[in-house]
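S.K.: The residues making up each chain are set out below.
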Amino acid sequence: TQLLEQSPQFLSIQEGENLTVYCNSSSVFSSLQWYRQEPGEGPVLLVTVVTGGEVKKLKRLTFQFGDARKDSSLHITAAQPGDTGLYLCAQTQGAQKLVFGQGTRLTINP
Amino acid sequence: DTAVSQTPKYLVTQMGNDKSIKCEQNLGHDTMYWYKQDSKKFLKIMFSYNNKELIINETVPNRFSPKSPDKAHLNLHINSLELGDSAVYFCASARSWRGETQYFGPGTRLLVL
Chain C
4 TQLLEQSPQF LSIQEGENLT VYCNSSSVFS SLQWYRQEPG EGPVLLVTVV
54 TGGEVKKLKR LTFQFGDARK DSSLHITAAQ PGDTGLYLCA QTQGAQKLVF
104 GQGTRLTINP
Chain Z
417 DTAVSQTPKY LVTQMGNDKS IKCEQNLGHD TMYWYKQDSK KFLKIMFSYN
467 NKELIINETV PNRFSPKSPD KAHLNLHINS LELGDSAVYF CASARSWRGE
517 TQYFGPGTRL LVL
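Just so you know, the sequences run in chain order C and Z. Take the working numbering: the last position of the first sequence gets the number 113, and nothing is skipped along the way. Take the working numbering: the last position of the second sequence gets the number 529, and nothing is skipped along the way.
Calculated directly from the structure, the hints in this document are not laboratory data. Keep in mind that a hint or two might mislead.
[Unchecked claim] Label-pair distances were calculated between CB atoms; the ranges are:
1. Z:S512 / C:T65: 45 to 51 Å
2. C:S30 / Z:Y426: 26 to 32 Å
3. Z:N495 / C:F13: 22 to 28 Å
4. Z:D486 / C:V53: 30 to 36 Å
5. Z:L527 / C:T87: 20 to 26 Å
6. Z:S455 / C:E18: 26 to 32 Å
7. C:S29 / Z:E474: 41 to 47 Å
8. Z:P485 / C:Q83: 21 to 27 Å
9. C:K60 / Z:L443: 24 to 30 Å
10. C:Q83 / Z:K456: 23 to 29 Å
11. C:N21 / Z:G432: 46 to 52 Å
Since we're looking at a predicted model, the values are computed, not measured. Even glycine gets a Cβ: it sits at the ideal position worked out from N, Cα and C.
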């Protein structure tokens, strides 16, 4: 089973700052998904990246897929308290199941 | 309208008891899942059903028995609950089993005392 490593595990910053979180694997991803989970809720899909080098933007969030498809990053510009949550990367294995990283717990302080 | 719903939201019970949690989706999806999220927030798949048939069973103790009476419902029955079963259990659904976007329910928080 391919393992996904996310870093950092915890991140606490002030409102207005920028941040980047990472998802890495020793093997090649066929595709990668990023989810956000807010306290007391289930994960919600933010984006799927498929092509090496791909960049996708979702308002202040920028997702990048590494050229070799072994890593991905999520950059948030001008973070807001509403961005607080657990950010999970996940990979589909065997076309049937999602395997998740351990997540980055992000706290944005007003 | 809630797409994926779970009941109960909270469940506190004694060790050794048997309990069930229920999941329903109104998205018309064919595939449903049960995940377990531990205290460190690690989310791991337990089971998957496609059109009422079990397609994934991930090394889960046989005290856990999923049941899908129809493709809109997936229930999870747990026998002889243990302390280590305490976790948040999430149900999810997808249009098909082929790597489609999964939609998660709000979770059931199980605490075994």
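S.K.: Each of the hints needs a verdict: does it hold here or not?
M.R.: The hints, checked one at a time:
no.	hint	verdict
1	Z:S512 / C:T65: 45 to 51 Å	violated, 30 Å
2	C:S30 / Z:Y426: 26 to 32 Å	violated, 38 Å
3	Z:N495 / C:F13: 22 to 28 Å	violated, 36 Å
4	Z:D486 / C:V53: 30 to 36 Å	holds, 33 Å
5	Z:L527 / C:T87: 20 to 26 Å	holds, 24 Å
6	Z:S455 / C:E18: 26 to 32 Å	holds, 28 Å
7	C:S29 / Z:E474: 41 to 47 Å	violated, 21 Å
8	Z:P485 / C:Q83: 21 to 27 Å	violated, 43 Å
9	C:K60 / Z:L443: 24 to 30 Å	holds, 27 Å
10	C:Q83 / Z:K456: 23 to 29 Å	holds, 26 Å
11	C:N21 / Z:G432: 46 to 52 Å	holds, 51 Å
Hint compliance for this structure: hints 1, 2, 3, 7, 8 are broken, all remaining hints hold.
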